[in-house]
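Undergrad: Listed below are the residues making up each chain.
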Amino acid sequence: MAGAGMGAALEAQSEATLRVFRGEADSVGEAVDYRVPIAPGMVVLDALHSIQAQQAPDLAVRWNCKAGKCGSCSAEVNGRPRLTCKTRMDSLPLNEPIVVSPLKAFPLIKDLVTDVSWNYKVNKKIPAFQPRAGVQWKMDQRDVDRVQEFRKCIECFLCQNVCHVLRDHAKHEVFAGPRFFVRTAGLEMHPLDGVSRTKLLKDEMGLGYCNITKCCTEVCPEEIHITDNAIIPLKERVVDEFYDPVMMLVRKIRGA
Amino acid sequence: MTATYETHEHDVLIIGAGGAGLRAAIEALANGARVGLVCKSLLGKAHTVMAEGGIAAAMGNVDQGDDWRTHFCDTMRGGKFLNNWRMAQLHAQEAPERVRELEQWGALFDRTESGDILQRAFGGHTFKRLCHVGDRTGLELIRTLQDRGVQQGIDVYMECTITRLIKDGDRIAGAFGYWRETGRFVMFKAKAIVIATGGIGKAWKVTSNSWEYTADGMALAYEAGAELLDMEFVQFHPTGMVWPPGVQGLLVTEAVRGEGGILRNRNGERFMEKYDPKRMELSTRDVVARSIYTEVKEGRGTPHGGAFLDISHQPAEYVKKKLPSMYHQFKELADVDITTGPMEVGPTCHYMMGGIRVDAETAQSTVAGLFAAGEAAAGLHGANRLGGNSLSDLLVFGRRAGKAAAEFAGTASAARLDAAQLEAAEREMLAPFEHKGEYPYEIHRDLQETMQSLVGIFRTEEDLQKALHNIEELKPRLDGVRIDGSRMFNPGWHLTRDLRSMLLISEAVTRSALARRESRGAHSRIDFPQLGDEWGKKNNLIVNRGGTMTLQQNPVRELPEDLQKILAETK
Numbered sequence: 000m001a002g003a004g005m006g007a008a009l010e011a012q013s014e015a016t017l018r019v020f021r022g023e024a025d026s027v028g029e030a031v032d033y034r035v036p037i038a039p040g041m042v043v044l045d046a047l048h049s050i051q052a053q054q055a056p057d058l059a060v061r062w063n064c065k066a067g068k069c070g071s072c073s074a075e076v077n078g079r080p081r082l083t084c085k086t087r088m089d090s091l092p093l094n095e096p097i098v099v100s101p102l103k104a105f106p107l108i109k110d111l112v113t114d115v116s117w118n119y120k121v122n123k124k125i126p127a128f129q130p131r132a133g134v135q136w137k138m139d140q141r142d143v144d145r146v147q148e149f150r151k152c153i154e155c156f157l158c159q160n161v162c163h164v165l166r167d168h169a170k171h172e173v174f175a176g177p178r179f180f181v182r183t184a185g186l187e188m189h190p191l192d193g194v195s196r197t198k199l200l201k202d203e204m205g206l207g208y209c210n211i212t213k214c215c216t217e218v219c220p221e222e223i224h225i226t227d228n229a230i231i232p233l234k235e236r237v238v239d240e241f242y243d244p245v246m247m248l249v250r251k252i253r254g255a
Numbered sequence: 000m001t002a003t004y005e006t007h008e009h010d011v012l013i014i015g016a017g018g019a020g021l022r023a024a025i026e027a028l029a030n031g032a033r034v035g036l037v038c039k040s041l042l043g044k045a046h047t048v049m050a051e052g053g054i055a056a057a058m059g060n061v062d063q064g065d066d067w068r069t070h071f072c073d074t075m076r077g078g079k080f081l082n083n084w085r086m087a088q089l090h091a092q093e094a095p096e097r098v099r100e101l102e103q104w105g106a107l108f109d110r111t112e113s114g115d116i117l118q119r120a121f122g123g124h125t126f127k128r129l130c131h132v133g134d135r136t137g138l139e140l141i142r143t144l145q146d147r148g149v150q151q152g153i154d155v156y157m158e159c160t161i162t163r164l165i166k167d168g169d170r171i172a173g174a175f176g177y178w179r180e181t182g183r184f185v186m187f188k189a190k191a192i193v194i195a196t197g198g199i200g201k202a203w204k205v206t207s208n209s210w211e212y213t214a215d216g217m218a219l220a221y222e223a224g225a226e227l228l229d230m231e232f233v234q235f236h237p238t239g240m241v242w243p244p245g246v247q248g249l250l251v252t253e254a255v256r257g258e259g260g261i262l263r264n265r266n267g268e269r270f271m272e273k274y275d276p277k278r279m280e281l282s283t284r285d286v287v288a289r290s291i292y293t294e295v296k297e298g299r300g301t302p303h304g305g306a307f308l309d310i311s312h313q314p315a316e317y318v319k320k321k322l323p324s325m326y327h328q329f330k331e332l333a334d335v336d337i338t339t340g341p342m343e344v345g346p347t348c349h350y351m352m353g354g355i356r357v358d359a360e361t362a363q364s365t366v367a368g369l370f371a372a373g374e375a376a377a378g379l380h381g382a383n384r385l386g387g388n389s390l391s392d393l394l395v396f397g398r399r400a401g402k403a404a405a406e407f408a409g410t411a412s413a414a415r416l417d418a419a420q421l422e423a424a425e426r427e428m429l430a431p432f433e434h435k436g437e438y439p440y441e442i443h444r445d446l447q448e449t450m451q452s453l454v455g456i457f458r459t460e461e462d463l464q465k466a467l468h469n470i471e472e473l474k475p476r477l478d479g480v481r482i483d484g485s486r487m488f489n490p491g492w493h494l495t496r497d498l499r500s501m502l503l504i505s506e507a508v509t510r511s512a513l514a515r516r517e518s519r520g521a522h523s524r525i526d527f528p529q530l531g532d533e534w535g536k537k538n539n540l541i542v543n544r545g546g547t548m549t550l551q552q553n554p555v556r557e558l559p560e561d562l563q564k565i566l567a568e569t570k
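Residue numbers (numbering that gives the first Met the number 0), protein chains in the order written: chain A, 0 to 255; chain B, 0 to 570.
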């Protein structure tokens, strides 16, 4: 029945060690070990809550739904960007400490909480959905399917965290990051949208900085094909519009 | 004095950034108000994001016979006629326009063959009525509203918690709160305030609600003198996950049953045949929750104490397409493939029908300038809410609250912020740093145990009295609660304020439940198992009389003739 294998896998192990980053914005910070009793099906966020309730009541963790739907509890677990509410303890080696640290691409606030406000500023730059004049509000499910993939995004910002343009090169000023290419793709490919955002993609969102290493796609908990379905088609749109005069001419003739 | 706090000034301040708060903000802005929106978490993380099944609106895209009248009747019948009929009428009439508006702002719903918005069946709805996006309708709704609001120019204060409303005489003057990141205090001057803070699910142990659902807005409004209505009616959603322990209570959308899911007990019996042979799995939530509870109690539960919910007779691709998050949720968290086998489900505390008493047209509370919408407000759903009627509630009454608040602010003069009230608010927040008692988490756990075991699906006089006694005992413990660490992003400190709201409103729930000596909708008394004729004419009201919680009954407003006629015709 439900999770028959789960209890067995954990039977041998009744406790785990979490090595959690503790520190505030202006301090150096340190990793602190906590022993946590484990239960079947337990996730890393459960373990963090247990630490909060029993050992460190001021441990800062951002979370909301604990159901993989809100994207609040992002952190790095054993070096890998994850939603802690969906990371099962029994998927990790429990004979060594589980290392939990905050996202690296954003400034630290405290413990596992980072300042992600930059993302909200980027979002503001993207022109909203604008229906074409005189549209009929009819859409084919097949056209909707394509865009619904992008709209699954829960804004966990794991893709932003793992993107080397932001993580290693800190190009936050000139590069919007995968999350906002996904968002823009959702608007650009909306069957009834009438606005072009290609100039913005090229000039202000820095789409050209992405060299399609697909790191973002690998960490997306919603399994959005960020690179293949969002970024590459957007790159093609930018190329068509700004770097391919022949195509521009052809489109102009066909469109006329 | 007031100069020492960081201060922001708005015509309309909205507390809470779920569907109702965002819709109110958009409307207030469209009506010329300067709007501030405060939320406890980051923008876009509110509980609306977890709504799965859909928005109920009588658009008639799938079942052409549907119209607002049928939706109105379904809502009244679901609420066992305790609903504010005018709210139920406005809701049914305006919901379709609110959905179309969302689409015009960029929301993408699933489609019918002819390209219209697709609608699905849901419990208690006569027709296929729920506009949806797979099983992530709430995410689509909140993202659409969030982007619309931000583009239109709402000022958003994220991770900011309001701890007190400030009054100037009888009217609202502003709010006092703190920034989670720094722990610094902040105040807001406002001519009108809209409360859109949701419910109180976190007072129960098994709940589908996120950490934010701690009754803040109801407590703030009550403390400011507003009345609370129908507080005994707490909805237990029939289908939450029951295993593994860490995810107990996590919502399993009603859309599973809407798409044909079947409930069975451990003996393989389709037990809804016994409880509601006509509507079966698509009976109202109160009935299905009680049925599952009874099956388990009488020894026919599943290995982990629930019922089996099976959708595996539908093609695997269809299940993955229509219920993708359910598929992943069970696969990843419970090792169950719902396309090949059943889920185990049981009741989970989900929604508060009761809340701040408001005027149907304007959503204004009994305090001038204080408005409320969404789950924090009461009236639309009566004794039991139908699935899908919450998202439509947020839109219809969020819009009405925003509009009325902007109009109120347009005619109101600037209010004065009273220094004494601000200082008291500050003292209240700082006091726990002086104490050496227990951690707040223990008090929270004990409150959850009490509400879960004594104020649950089935209630008795004895249990409810015991619950009141327990809540009384928790109060001094909370007064002595201890905080470790600094004011910076300190969850323990935050919980002490949340607990104050939860204790207060849990008491209101328990007192109202004690008073209602009958069983109606979500309120089931083992000692009074029948519908009571007299109680069908009364709403319970919680009133703050000089700091003392008092209970009174108000007559249910009688339906006008035209609506009575509609009800009689659709029988």
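Honestly, the hints are just simulated from the structure, not real lab data.
Each hint should be verified, as a subset may be incorrect.
Covered by chain A, according to a simulated footprint, are these stretches of chain B (three or more residues, beta-carbon under 8 Å) [to be verified]:
#: 1; segment: 108-115
#: 2; segment: 219-230
#: 3; segment: 416-424
#: 4; segment: 427-441
Below, in silico cross-link-like pairs of lysine-lysine (DSS-like), each with a Cα-Cα straight-line distance of 25 Å or less [stated by the list, open to error]:
#: 5; chain 1: B; residue 1: K204; chain 2: A; residue 2: K137
#: 6; chain 1: B; residue 1: K320; chain 2: A; residue 2: K151
#: 7; chain 1: B; residue 1: K319; chain 2: A; residue 2: K85
#: 8; chain 1: A; residue 1: K85; chain 2: B; residue 2: K127
#: 9; chain 1: B; residue 1: K273; chain 2: B; residue 2: K296
#: 10; chain 1: A; residue 1: K151; chain 2: A; residue 2: K251
#: 11; chain 1: A; residue 1: K124; chain 2: A; residue 2: K234
#: 12; chain 1: A; residue 1: K137; chain 2: A; residue 2: K198
#: 13; chain 1: B; residue 1: K204; chain 2: A; residue 2: K85
Just so you know, these numbers come straight off a predicted model, no measurement behind them.
C-beta: ideal position from N, C-alpha, C; glycine also.
Undergrad: Confirm or reject each hint.
TA: Here is what the structure says about each hint:
1. Counting residues of the segment 108-115 of chain B whose beta carbon lies closer than 8 Å to any beta carbon of chain A gives 6, which reaches the threshold of three, so the coverage claim holds.
2. Beta-carbon proximity to chain A at under 8 Å applies to 0 residues in the segment 219-230 of chain B; the threshold of 3 is not reached and the given coverage is violated.
3. As drawn, the segment 416-424 of chain B meets chain A at 0 residues by the rule of a beta-carbon pair under 8 Å; below three, the given contact is violated.
4. Judged by the Cβ-Cβ criterion of 8 Å, the segment 427-441 of chain B is covered by chain A as claimed, because 4 of its residues qualify and three suffice.
5. Distance restraint check for B:K204 and A:K137: the Cα-Cα separation of roughly 45 Å exceeds the 25 Å cut-off, and the hinted pair is therefore not satisfied.
6. Taken as a hint, the B:K320 and A:K151 pair is honoured in the structure, with Cα atoms around 13 Å apart against an allowance of 25 Å.
7. For the proposed pair B:K319 and A:K85, the alpha carbon gap of about 19 Å is at most 25 Å, so the pair holds.
8. Between A:K85 and B:K127 the CA atoms are separated by roughly 33 Å; this puts the pair beyond 25 Å, and the hint is violated.
9. Simply put, B:K273 and B:K296 have alpha-carbon atoms about 15 Å apart, close enough for the 25 Å limit, and the pair holds.
10. A C-alpha spacing of about 34 Å is found between A:K151 and A:K251, which places the hinted pair above 25 Å, so the restraint is violated.
11. Pair hint A:K124 plus A:K234 holds up; C-alpha atoms about 19 Å apart against a cutoff of 25 Å.
12. Using a Cα cut-off of 25 Å, the hinted pair A:K137 and A:K198 is violated, with the two alpha carbons roughly 28 Å apart.
13. Between B:K204 and A:K85 the CA atoms are separated by roughly 20 Å; this keeps the pair inside 25 Å, and the hint holds.
Of the numbered hints given earlier, the model fails hints 2, 3, 5, 8, 10 and 12; all others are met.
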